[in-house]
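A.B. asks: Starting from the known structure of chain A, arrange chains B and C on it as the hints suggest.
Protein chains in written order, with numbering that gives the first Met the number 0: chain A, 0 to 179; chain B, 0 to 326; chain C, 0 to 434.
Treat the hints as calculated values from the structure; they're not laboratory data. Note that CB positions come from ideal geometry on N, CA and C, so glycine has one too. Check each hint, because a few of them may be wrong.
[Said to hold, decoys possible] What the simulated footprint calls covered on chain B by chain C, stretch by stretch (three residues with Cβ under 8 Å from a Cβ of chain C suffice, anywhere in the stretch; the number is not a length):
hint, segment
1, 128-138
2, 143-156
3, 206-216
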Amino acid sequence: MPVVMDADRIARTLTRIAHEIVERNKGVDDLALVGVRTRGVHLARRLARTLKEITGDDVPTGALDITLYRDDLMRHAVGPQPLVRRTEIPFSIDDRKILLVDDVLYTGRTTRAALDALIDFGRPRGIQLIVLVDRGHRELPIKADYVGKNLPTAPDQSVQVCLQETDNRDEVVLQQGGAA
Amino acid sequence: MSAPVITRVEDMPAVTSLRRKDLLGIADLAPDEISLVLETAEAMKEIGSRPIKKVPALRGKTVVNLFFEPSTRTRTSFEIAEKRLSADTLNIAIASSSVVKGETLADTALNLEAMQPDMIVLRHSSSGACHLLARICRSAIINAGDGMHEHPTQALLDAFTIRERKQRLAGLKVAIVGDLLHSRVLRSNIHLLTKMGADVWVCGPPTLFPTDITRFGVRATSRVDEAVADADVIMLLRIQLERMEGAFFPSLREYFNVFGMTEARLRLAKPDVIIMHPGPMNRGVEIASEVADGPFSVILDQVANGVAVRMAVLYLLAGGAEHETAA
Amino acid sequence: MKRLLKGGRVIDPVNGIDGIHDVLIDGERIAAVGRDLPIDDASVIEIPAGLIVCPGFIDIHVHLREPGQEHKETVASGTASAVAGGFTAVACMPNTTPVNDDANVTAYILSKAAEANLARVYPIGAVSRGSQGELLADIAELKNAGCVAITDDGHPVKTALLMRRAMEYAGMFGMPVIEHCEDASLKGDGVAHEGYVAATLGLRGMPGACEALGVERGILLSELTGSAFHVAHMSARASLRAVRKGKEAGVRVTCEVAPHHFTLTDEALNSPVPYDTNTKMNPPLREAADRDAMLSGIADGSVDVIATDHAPHHYDEKQVEFDRAPFGIVGLETAVPLSLDRLVHAGRIRLPRLVELLSVNPARILGIAGGSLSAGVAADVTILAPDLRVRIDAARLRSRSKNTPFDGWELRGGVAATFVGGRPLFVNSEAALAV
Chain A
0 MPVVMDADRI
10 ARTLTRIAHE
20 IVERNKGVDD
30 LALVGVRTRG
40 VHLARRLART
50 LKEITGDDVP
60 TGALDITLYR
70 DDLMRHAVGP
80 QPLVRRTEIP
90 FSIDDRKILL
100 VDDVLYTGRT
110 TRAALDALID
120 FGRPRGIQLI
130 VLVDRGHREL
140 PIKADYVGKN
150 LPTAPDQSVQ
160 VCLQETDNRD
170 EVVLQQGGAA
Chain B
0 MSAPVITRVE
10 DMPAVTSLRR
20 KDLLGIADLA
30 PDEISLVLET
40 AEAMKEIGSR
50 PIKKVPALRG
60 KTVVNLFFEP
70 STRTRTSFEI
80 AEKRLSADTL
90 NIAIASSSVV
100 KGETLADTAL
110 NLEAMQPDMI
120 VLRHSSSGAC
130 HLLARICRSA
140 IINAGDGMHE
150 HPTQALLDAF
160 TIRERKQRLA
170 GLKVAIVGDL
180 LHSRVLRSNI
190 HLLTKMGADV
200 WVCGPPTLFP
210 TDITRFGVRA
220 TSRVDEAVAD
230 ADVIMLLRIQ
240 LERMEGAFFP
250 SLREYFNVFG
260 MTEARLRLAK
270 PDVIIMHPGP
280 MNRGVEIASE
290 VADGPFSVIL
300 DQVANGVAVR
310 MAVLYLLAGG
320 AEHETAA
Chain C
0 MKRLLKGGRV
10 IDPVNGIDGI
20 HDVLIDGERI
30 AAVGRDLPID
40 DASVIEIPAG
50 LIVCPGFIDI
60 HVHLREPGQE
70 HKETVASGTA
80 SAVAGGFTAV
90 ACMPNTTPVN
100 DDANVTAYIL
110 SKAAEANLAR
120 VYPIGAVSRG
130 SQGELLADIA
140 ELKNAGCVAI
150 TDDGHPVKTA
160 LLMRRAMEYA
170 GMFGMPVIEH
180 CEDASLKGDG
190 VAHEGYVAAT
200 LGLRGMPGAC
210 EALGVERGIL
220 LSELTGSAFH
230 VAHMSARASL
240 RAVRKGKEAG
250 VRVTCEVAPH
260 HFTLTDEALN
270 SPVPYDTNTK
280 MNPPLREAAD
290 RDAMLSGIAD
300 GSVDVIATDH
310 APHHYDEKQV
320 EFDRAPFGIV
330 GLETAVPLSL
340 DRLVHAGRIR
350 LPRLVELLSV
360 NPARILGIAG
370 GSLSAGVAAD
380 VTILAPDLRV
390 RIDAARLRSR
400 SKNTPFDGWE
410 LRGGVAATFV
420 GGRPLFVNSE
430 AALAV
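Just chain A, same shape as in the assembly:
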């Protein structure tokens, strides 16, 4: 299973993205990070830490569960409902620029669900999308504003993002077969 990004590469990529955020937004005023559960949340928190190191400022960070907004929710042929987890956005998103963070961008449907969910929370001034890996094959007109790595893939491959916080190691692996 080819390792596409190792721990070191992931760390440097996140640092680079953090700098891009600061540059593009001219600082971190009015910014907030919202990670899409589950791994997006950990990536968002890491970015928040790095942004604090760079600018000295705290960027509010929240966690978004998009299960109830998925477009495939009631269409499973067989099998379980996805487990719903808590959304925790302990700040107002009105008039903020929201940095939506996810691990892999693929069809774009998760992002669409996340946008719907966010809009129900308030009216942000803007939403920018940060992904660690963009593996192509979009089914909706969605584009990431910040991409860690562009990874061309075949539809029968899957991209597995492992993070220390959930999987005890940092790496991105490209696998033959599988869902993602």
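C.D. replies: Just chains B and C now, with coordinates in the frame of chain A:
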């Protein structure tokens, strides 16, 4: 799209669906299914604190609230839950006289079914009415209270409330006082609390004990002091006036004197005891006003949690296609 | 026409016969029972090994529902169901619409029975007018019209006083009073046996004591009046205890048990189908100790009769909430398989005892013809196939109603043929009996 990639056991959902088409009673549920409902309810509760208290999860689904017994509290709770999930709701309140005059429950259900509701929430005065409906209808059936049999969503919201305060169910001493014979809330709570490992004590006059009550895995006593001693949770059940006329006990005054939850009796319990009541309360009969309004009461929390728990149940049962039915 | 039932095991307890015999039927009557009877001009029916030839079975507790409730059953469909179940005669209950409390209704029933010309029908008349429990019915008139007993079945006779008078009066004619034993106040609006299962299902219960109270009352009054008292559909161990004591004391008490009460317990209300209205009857299915007591009473002779309490109800009437469903199940076509499987094959009784329970005693208690194969009696014969594998199929019952909890049951033992007055009215094609 990022799918959740599972590489650790902790990430694996123990069970993410109920193994059944309907929720007819707690008696049929396994402990892991109960946990699933409670955990899902936690996520649902947060939706009630958002500015837009709505998620599209049940969008386009039709839920019928078919109530053969009058109920404001439960029906409203279900209705809010359904609307928060973006379902289309239909409330049908059937006065019992129209049933006596004409259509059978089975026919009412079949007529409804022809309009293809996804789910039917049924409250009925006959035990087993939901089982009849579940056999006839393809819709998912949720029992909102059938006769003296069960009221599963009440027990689930009671459990949710207890867990919120006590962080657990196992090992707690829970005392349930009231009309045990006629109470569907009692039966559901006994099933749930014993399945989840609580130490359940039931208390009331012997005339109101169901037969063989101890076979349900509970301790039974007619001495309220014994029941509430060191209790973590005290649950009061409603006493109905008609029971007095059925010679179950002589008067409401006497009931209050012997079994009513007063501040004095409360002091026998643990210092952080919580007081619960499914409502509506008879102040001065099963519970003194000071206790109902006092600092230990979580009665209003129960009501608030009802919406979250019912959202969880609706969501878990609503899944698009055929679920495997329990054997 | 002469028929010779050749070479079967004949069990005729009244005449002390149990062994391979031939039975010669001449027209409507039994001509002779013996070994190696000469064939002459008789048409020979070879009885295959293993089949049993008995005096015709008599079900003394059947609801034929006619007049007035023909959507559930008629005399014609009920008697067809009876012969398919191995019964050559039935006694039918008076809770029809109108109640059988006068000669006109009795005559109507008998005329329908004659028209159907299948199993014999012995009407049982009401104790009180309209079975309302206030005024005695015209009992002599009922007797003359053809009733063989009186009962207010469906509920108990309202007061002890009325029961006493009924016993005294019916005693004049040698008619037994058959009683649905129950204390109405204790029964309340119960729908199931008061016990753990009812508590779990949230159903109002009726304790066994409720039935036993009625039994005790009847026994005391029977002792007082000297009249015959018969306990209908006994189900509770407390009732059996009272019956035993009554018999020991020499009281003229008899009792019957229905097959569902010696087979099922209240667990059936919860499984396989929870709140199955085909498990709702009165008296209810009770706990295991009661069911076992019924079995022991059958084995030791305290129980006199097996009677089905055949209670047909239309599908729509049973397809309702448990509380609202009417009490009762059909039983004519399941009685013999259940009795053979659960009593004989289970080793609790032997075949001669079964014949007593289903033929000898019923005839004796009602004072009607039947119960034996003596020469000169009507040729009512039931031929059993004790080893036949039977699968109960509700849809194919001959009764108009299919309300049985035994649908799909596989039992060992069935009916091979039923002869009434020498005519083979039912022949089971699966029993390898060539008639």
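A.B. asks: Would you check chain C against the segment 143-156 of chain B, counting CB to CB pairs closer than 8 Å, and say if three or more residues qualify?
C.D. replies: holds (count 5)
A.B. asks: Establish whether the coverage given for the segment 206-216 of chain B by chain C is satisfied; the threshold is a Cβ-Cβ distance below 8 Å, and no fewer than three residues must meet it.
C.D. replies: This one holds; 6 residues, not fewer than the three required, reach chain C with a Cβ under 8 Å.
A.B. asks: Are there at least three residues in the segment 128-138 of chain B whose beta carbon sits under 8 Å from a beta carbon of chain C?
C.D. replies: holds (count 4)
Violated hints are absent here; each numbered hint is respected by the structure.
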